[in-house]
Amino acid sequence: MRPAPTLSSAFLQPAGEALPQPLLALRKQRGTALVDMPLPTRKTENWKYSSKHLKLSDELASPLPAGSASTSVAEDGYRVVFRNGVVDSEASRLPQVDGLSVQRFADLPDADATALAERLDNTLDSKATQMARLNSARFEDGLLITLKPDTVLREPLFIVHEVTASASGSAYPRIYVDAARHSQMTLVEEYLSSGDESVMVDSVTEFTVGDGAQITSIRLNVEGQNVQHIGATGVRQQRNSRFESHCVGFGGPLRRHDLQLRLEGEGAECKLNGVVVTQGKQHYDNHTCIDHMVPNCNSEETYRNIAADESHAVFNGRIHIHQDAQNSIAEMNNKNLLLSTGAEIDTKPELEIYADDVQCAHGATIGQLDKTSLFYLVSRGIDRRDANVLLTMAFINELVKQIPVEQVRDSANERLNQFFDHTFREA
Amino acid sequence: MLSIKNLHASVEGKEILKGINLEIKAGEVHAIMGPNGSGKSTLSQVLAGNEAFEVTSGEVTLNGENLLELETEKRAREGIFLAFQYPVEIPGVSNLQFLRTAVNAMRTHRGEDEMNAAEFMKLAKKVSQQVDLDPAFLKRGVNEGFSGGEKKRNEILQALLLQPKLAILDETDSGLDIDALKVVSDGVNALRAEDRAILMVTHYQRLLNHIVPDYVHVLAGGRIVKSGGRELALELEERGYSWLGVEDEEAAAH
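Top line first, the protein sequences correspond to chains A and B. Counting from 1, position 293 in the first sequence corresponds to residue 293 in UniProt numbering; the numbering is continuous, with no gaps. Counting from 1, position 55 in the second sequence corresponds to residue 55 in UniProt numbering; the numbering is continuous, with no gaps.
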């Protein structure tokens, strides 16, 4: 038998020695633990459909050289730009709001860096997020966003994650958000790329959401067709907090996002919306996991996948209701639209319920555009392309409309139009 | 305006229309009656261009133009309108957006400017009052959760907005109570015009009390077996179809 493939040692040589000592030490320790880490294969349950798309050649192990900017949705407003995983302070515009601090990891005093080092990774289940562990061994920089109690950020903060690929390599952007009690913020993460060399982005964003805090996280993934993206978002929620997530993603050679939430304080609630659109031979894999740890928490999850051509979308939604989590309400809904006979969508709801007084509902469907509806629309003189677009948009409209930041909605709609032009061009 | 010559059509290999001949002139109202399974709905669907039906021979022209060569949307732009027997529910597409897209597709085809949202809203509200449909229905999904009568009124609303040359009404009276029948009939009568023709397909003659046809045809077994004036409808009402040597399949099944 062939030995299972392991992570090449080339990936365990981090760049960026400007980090404070405690973080360098953490990174080193994480790296040591990854020596000979088996890579996911078809037999690795959480990578069953995606392992064959994960290509980790040694050339991807190199850190990316500095590059130039491309166009972001964040033309105005507060923003922090990560370029190839490193914060570009000059391109950033930080809000001056009492109670908010946005710091580069590199700028942290040792005491703060020590505190951060103790908390990094603590929102994620390391077994289920193999590639997030690689981020912990490789991040060159990062952003610590701290909201003091009662701090309310009225405008969204945009994080522009950009890779500029003038050579092959990988980037490891890292964010840690600590939102203290009753603070509020909307964070937009936009993943972009320019250039066409082969690139891997391995990103991790963590949130700790204090009592009564309200955090909205928006994630727009529009990287190019040269970029493999593996991202993880971990969230821990305290009492009466609310976390809302809107993920919009367009496919690539590999797009993977793990979203893990732990509802740890009573009365916490989360709402997760996701839209994925794939075409050509693209691949997109969303894995979500919600842990109801304590009583009286609500979760609501709605994901939609649209796959055209020979593309492949995967949704795996896990809800874990722990024994003490009585009176939990959990709703998960995943609908999927296949726009061609060559496209594939795999969906798997996983409910694990150990409490006896809970309301749990889940539904998953896979279908095609309805021919009768299409005939009805064109019989009114509506152009066939437009009729297809109306029916496809009907499938995701509700989710796009709920994205609370206009620039993101506009950008998503613009990308959707490009997708429709491609997909319905012959109609 | 509409000329149908020896039209044969089948669905899933089964021939339903077996040689239809029909001439309809501008300004005329024709009614096609017939027992269930005679091919009435098939004729409507074929004229509108439903690809589930295959035309095997014959010809159909609209003002001299070969209709059968045109795709559904082009037929609509040339002036064919089918009021569906079973209007389709399309959740997620607002009725208003649907109607405006359709009206603007027609306007673009005629070389006119598109209507903006505000202009269109005004027009749509006016026409929905004409068919006694609460304007709140404009904001719902297309036919989503509409009652049978509301769906039919939404069909007539579309006809009034799109102003077709030939309006085909497929069992528009079915499922309507007497008040709704009156509203729908008033809407259809408002469509009557010198440059427009109406083809009504119906099982019952009661609709014809409200929309008085110029000609009545009996369709049976995929052919028109009898044509006459409106008095033919009354005769059918009294005597049924059997005197024409036609079995009502529904009756025969019982």
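Treat the hints as calculated values from the structure; they're not laboratory data. Predicted model, so just to flag it, every value in this text is computed and none were measured. Be aware that one or more of the hints could be misleading.
Computed Cβ-Cβ distance ranges for the label pairs, DEER-style [as the list claims (entries may be wrong)]: (1) Leu123/B - Arg93/A: 56 to 62 Å; (2) Val11/B - Arg425/A: 28 to 34 Å; (3) Asn327/A - Gly148/B: 40 to 46 Å; (4) Val212/B - Lys371/A: 52 to 58 Å.
Ideal placement from N, C-alpha and C gives every residue a C-beta, glycine not left out.
Okay, the hints, checked on the actual structure:
1. Between Leu123/B and Arg93/A the C-beta distance comes to about 46 Å, which lies outside the given range of 56 to 62 Å.
2. Val11/B and Arg425/A have their C-beta atoms about 30 Å apart, which keeps the hinted 28 to 34 Å range intact.
3. A hinted range of 40 to 46 Å holds for the C-beta pair Asn327/A and Gly148/B, which are about 42 Å apart.
4. About 36 Å separates the C-beta atoms of Val212/B and Lys371/A, a value inconsistent with the hinted range of 52 to 58 Å.
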